Every structure is written in C-alpha cells, then in structure tokens.
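Participant: Chains as they are written, first to last, in this note's numbering: chain A, 1 to 106; chain B, 1 to 114.
Quick caveat, the hints were computed from the structure, so don't treat them as lab data.
Please read these numbers as outputs of a predicted model, since none were measured by experiment.
Even for Gly, the Cβ is constructed at its ideal location relative to N, Cα and C.
A couple of the hints might just be wrong.
Partner residues are not named here, just some residues of chain B that face chain A (Cβ under 7 Å, in silico) [unchecked claim]:
hint : residue
1    : S38
2    : P42
3    : L45
4    : G100
5    : G108
Each chain is listed here by its residues.
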Amino acid sequence: RKEVEQDPGPFNVPEGATVAFNCTYSNSASQSFFWYRQDCRKEPKLLMSVYSSGNEDGRFTAQLNRASQYISLLIRDSKLSDSATYLCVVTDKLIFGTGTRLQVFP
Amino acid sequence: ETGVTQTPRHLVMGMTNKKSLKCEQHLGHNAMYWYKQSAKKPLELMFVYSLEERVENNSVPSRFSPECPNSSHLFLHLHTLQPEDSALYLCASSQDWGLGETQYFGPGTRLLVL
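Starting from the given sequences, assemble the full structure and let the hints guide the process.
Facilitator: Structure follows, in structure tokens:
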C-alpha cells in the first residue's frame with residue numbers, strides 16, 4: 001500500500017457544484033496534514049492545513065478522520081478558477097500524494 | 001510571488017554535461033528543500049537543509065549533489081544524468097525544519113536530459 005494515496009481524477013464538475021476529495025495515509029502515527037493546490041505548469045501553493053477538529057476557509061473545508069486514516073477536502077460552490085490539481089501531504093515525513101485533478105466547467 | 005526563485009527555469013542537457021540548479025529564498029527561512037516531480041508521480045523529496053546542514057537525503061543517486069552555502073541559497077549540482085532524470089525540480093523553503101511547517105515553493109526548473 002502506498003504511504004499516501006489519492007484518486008487522480010479528473011473530477012469534472014459544473015460551476016456551483018460541491019465536490020469532495022479524499023486522501024488516505026498508511027501510517028497511523030501521522031500527525032500533520034496539509035492540502036496544496038497546483039495549477040498547470042506552476043508550483044504547489046498551500047491551500048489549507050488539516051486539524052483534528054476540521055478546518056474551514058470560505059468555500060473550502062478540510063477534515064481528518066483518524067480512525068479510517070484519511071483526510072478530505074470539500075469545495076462548495078465550485079468556481080472555474082478552482083480548476084487545478086489538489087495535493088495532500090503528510091508533513092511528518094513530507095510525503096505527497098499524486099494529486100487529484102479538478103476541472104470545473106461552465 | 002512566493003519569495004522563492006529558481007534558475008534556470010528550463011534546462012536541456014546531455015548525459016555527459018555538468019550543470020547546476022540554483023534556488024534563492026527571500027523569506028528569511030531556515031529550512032530549504034529539493035523535490036523532484038515527474039509526470040503522474042507524486043512529489044519526491046530529495047534533500048532537506050536546516051540551518052545550512054543537510055538533515056535528509058532520501059536515497060538520491062550521487063549524480064545529484066546538493067550544496068547550501070547559506071540559509072538563503074540552495075544549489076543542486078547535476079552530472080552524468082540519465083534520461084529518466086528528466087522532470088520538474090522544485091525548491092521550497094519553510095521557516096524551520098519540523099512538523100507542520102508550511103512550505104513555499106519556487107516555480108521550478110524543467111529539466112530535459114537527452
């Protein structure tokens with residue numbers, strides 16, 4: 001099993017839709033998780049960190065499920081500008097997932 | 001802008017060449033990183049420097065040689081590379097080396113080895 005796994009997608013959703021991605025991790029002792037966003041041919045940029053209690057920033061919500069060893073990212077009211085690849089990372093060992101590609105269409 | 005710059009942005013080299021990638025951060029951070037990003041693969045951590053000392057070396061072939069002369073600059077020296085080394089090489093920095101540190105990435109150097 002890979003240490004960090006993501007569904008590569010692509011997820012094709014219309015504007016205004018709600019979409020969710022999961023990222024599973026294999027090491028139950030992992031403590032720190034982030035979501036990064038990477039636009040095509042650009043560098044990754046921090047989107048948000050993931051706390052045990054959940055973390056919400058506008059249309060974005062990140063959650064951690066320790067029992068099932070996954071983190072999730074929920075995007076509400078999708079915008080065209082949300083189209084990107086979303087990378088999860090277990091920061092304990094700086095292990096990134098392959099990313100989930102999101103394409104929002106008009 | 002993220003405050004992390006990389007040069008060159010694109011590089012084509014033959015397998016017998018020697019070249020260097022340069023990274024500079026203007027954020028006053030203490031930790032710097034090299035990553036490799038290949039198509040359809042996750043970012044792979046190559047090296048970590050904290051306060052100019054190497055703290056991580058993830059089984060990277062010796063044809064990649066990092067150098068950190070000060071906390072603002074990081075180099076990756078390349079020699080006798082293979083075609084499978086063609087990838088995007090990303091530099092990143094963070095305030096410190098440790099759990100939960102936010103990393104700031106440079107734009108990357110896109111390397112093609114012929």
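Participant: Taking the hints in turn, state whether each one holds.
Facilitator: Hint by hint, here is what the structure shows:
no., hint, verdict
1, S38, "10 Å, violated"
2, P42, "4 Å, holds"
3, L45, "5 Å, holds"
4, G100, "4 Å, holds"
5, G108, "6 Å, holds"
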